[in-house]
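Asks: Protein chains in written order, with the numbering used here: chain A, 637 to 758; chain B, 637 to 758; chain C, 637 to 758; chain D, 637 to 758.
It is worth saying that the hints were derived from the structure and are not from the lab.
Be a bit skeptical, because a hint or two may be false.
Which copy is meant is left open, so a pair is good if it fits within one copy or across any two.
[As the list claims (entries may be wrong)] Computed list of lysine-lysine pairs in DSBU-like fashion (alpha-carbon distance at most 30 Å, straight line):
id : residue 1 : residue 2
1  : Lys741    : Lys639
2  : Lys663    : Lys741
3  : Lys706    : Lys655
4  : Lys706    : Lys663
5  : Lys706    : Lys741
6  : Lys714    : Lys741
7  : Lys663    : Lys639
8  : Lys639    : Lys714
9  : Lys741    : Lys655
10 : Lys714    : Lys655
4 protein chains.
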Amino acid sequence: MPKYQSFQSILDNQVMVPKQLLTDYTKLGLEETELVLILQIHRYRTEGNSFPTPEELASTLTVSSQECSKILRSLIQKQLLSIEQQHNEQQVLNECYSLEPLWEKLFTYTPVNSPETPEFNE
Amino acid sequence: MPKYQSFQSILDNQVMVPKQLLTDYTKLGLEETELVLILQIHRYRTEGNSFPTPEELASTLTVSSQECSKILRSLIQKQLLSIEQQHNEQQVLNECYSLEPLWEKLFTYTPVNSPETPEFNE
Amino acid sequence: MPKYQSFQSILDNQVMVPKQLLTDYTKLGLEETELVLILQIHRYRTEGNSFPTPEELASTLTVSSQECSKILRSLIQKQLLSIEQQHNEQQVLNECYSLEPLWEKLFTYTPVNSPETPEFNE
Amino acid sequence: MPKYQSFQSILDNQVMVPKQLLTDYTKLGLEETELVLILQIHRYRTEGNSFPTPEELASTLTVSSQECSKILRSLIQKQLLSIEQQHNEQQVLNECYSLEPLWEKLFTYTPVNSPETPEFNE
């Protein structure tokens with residue numbers, strides 16, 4: 637009989653993914669490999685690594701580190717990813733990826749003018 | 637200046653994704669499109685649709701509904717996805733997808749070499 | 637041997653709680669029963685009930701429905717909870733609780749002026 | 637106009653709370669202060685502190701550290717909380733709180749004999 641991980645371990649190891657990322661990534665001009673790379677950046681961040689290398693990213697994807705570098709550049713060009721500078725606990729300046737540009741695009745409220753879904757009609 | 641969604645709406649619209657799905661999908665023989673289709677099934681479930689059609693799935697992916705059908709069959713063959721029967725609120729028997737086989741594989745505790753449970757042993 | 641719920645069921649039944657609600661509720665002048673009532677409103681919302689009655693709330697707390705009514709009024713007075721009007725799927729106008737005032741208070745960015753961390757200096 | 641935290645910061649700072657903890661804590665003989673102390677232990681854990689002191693716990697509650705100590709002892713007596721030994725990254729043996737006994741109680745599948753909701757009746 638298989639032995640499972642503890643419930644605590646399962647509860648501890650979740651990432652929260654905005655549904656809109658899953659429903660709208662194609663509208664942002666992304667395809668599946670790019671989406672998964674974004675999810676890996678998001679996951680690494682929750683583990684305290686906010687600037688994973690292309691090699692670290694590639695280790696969890698089916699594509700090469702060269703391909704990961706290419707996708708990273710493309711996400712930055714599309715203004716979905718940025719590189720920020722951040723002080724770490726020792727006050728040393730570090731670079732880190734920020735997905736804030738992506739979240740800002742996803743969470744912008746879109747007024748709905750079309751007849752089909754007039755959700756808000758005050 | 638852009639107007640953003642409410643914080644409540646952002647908090648309401650998240651899916652929880654086990655980190656191990658992101659770190660281990662390649663070990664399960666999956667590639668990115670298959671992973672994203674799994675995430676979409678998981679998302680649809682949180683929205684009350686536990687048996688999305690290939691067309692519904694394809695509407696959020698870059699691949700066709702034919703390709704989605706093919707991936708669904710492949711996931712069932714790999715014993716990561718199953719089709720279950722479930723009573724809905726009106727006591728009508730419905731089919732729904734279950735990702736339980738996938739979670740059971742991901743959450744199986746992997747003993748590290750020795751017979752007891754030496755979780756930390758180097 | 638006990639039989640546990642499915643992993644799917646465990647994954648499906650989580651609520652996301654902002655850490656700041658847990659760290660800062662006392663600074664907002666709240667005590668534990670008020671915090672838990674807020675968490676129950678948040679949970680009911682994820683289950684599709686955005687206007688739980690005092691009786692429904694009391695059924696999951698150790699306090700009476702009269703006490704729940706009193707707490708609800710107090711949260712509204714403290715401007716942490718509001719009652720909004722919302723169209724449901726049948727375009728009928730319904731009332732619902734909104735925790736948006738609470739989230740706005742919690743998520744307001746507090747500028748840090750000094751080198752240490754005097755985060756709150758009213 | 638208030639300035640809000642980044643979306644990334646909001647997404648980064650959530651804890652996942654099983655709904656059953658919120659719906660069933662009174663059935664486990666707990667009241668609100670005990671529930672909130674459990675939530676704080678759970679939160680500290682996500683921040684890398686798996687053995688918060690009574691003083692650390694009290695700093696986020698309305699009760700004293702003496703009262704927190706008393707609640708901790710009571711949770712251990714009720715077999716909802718345990719103290720485990722764990723190797724940290726430097727291979728030093730540390731004590732940490734485990735909520736596993738609580739999760740096991742909450743996630744035990746309860747067969748339903750009553751007429752209203754016979755969910756599984758194969």
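Asks: Indicate which option fits the pair lysine 663, lysine 741 if close means a Cα-Cα distance not exceeding 30 Å: within, between, both or neither.
Replies: within (11 Å within a copy, 32 Å between copies)
Asks: When no copy is named, should lysine 706 and lysine 655 be tagged within, between, both, or neither for a Cα gap of at most 30 Å?
Replies: Both. Shortest intra-copy (26 Å) and inter-copy (24 Å) distances satisfy the 30 Å Cα cut-off.
Asks: Using 30 Å as the alpha carbon limit, work out where lysine 639 and lysine 714 are close: within a copy, between copies, both or neither.
Replies: Between copies only: 21 Å across, 45 Å inside.
Asks: Is it within a copy, between copies, both, or neither that the alpha carbon of lysine 714 lies no farther than 30 Å from that of lysine 741?
Replies: So lysine 714 and lysine 741 pass the 30 Å test inside one copy only (11 Å; across, 33 Å).
Asks: Which holds for lysine 741 with lysine 639 at a C-alpha limit of 30 Å: within a copy, between copies, both or neither?
Replies: Between copies only: 11 Å across chains, 43 Å inside a chain, cut-off 30 Å.
Asks: Between the shortest in-copy and the shortest cross-copy C-alpha distance, which are at most 30 Å for lysine 706 and lysine 663: within, between, both, or neither?
Replies: both (20 Å within a copy, 24 Å between copies)
Asks: Regarding lysine 663 and lysine 639, is the shortest C-alpha distance of 30 Å or less found within a copy, between copies, in both, or in neither?
Replies: Classified as between; 19 Å across copies, 42 Å inside a copy.
Asks: Given identical chains, is lysine 714 near lysine 655, meaning Cα to Cα at most 30 Å, within a copy, between copies, both, or neither?
Replies: both (20 Å within a copy, 26 Å between copies)
Asks: Which holds for lysine 706 with lysine 741 at a C-alpha limit of 30 Å: within a copy, between copies, both or neither?
Replies: within (22 Å within a copy, 32 Å between copies)
Asks: Measure nothing new, just compare the shortest in-copy and cross-copy C-alpha distances for lysine 741 and lysine 655 to 30 Å and report within, between, both or neither.
Replies: Close inside one copy (14 Å) and across copies (24 Å); limit 30 Å.
The structure is consistent with each of the numbered hints, conforming to all of them.
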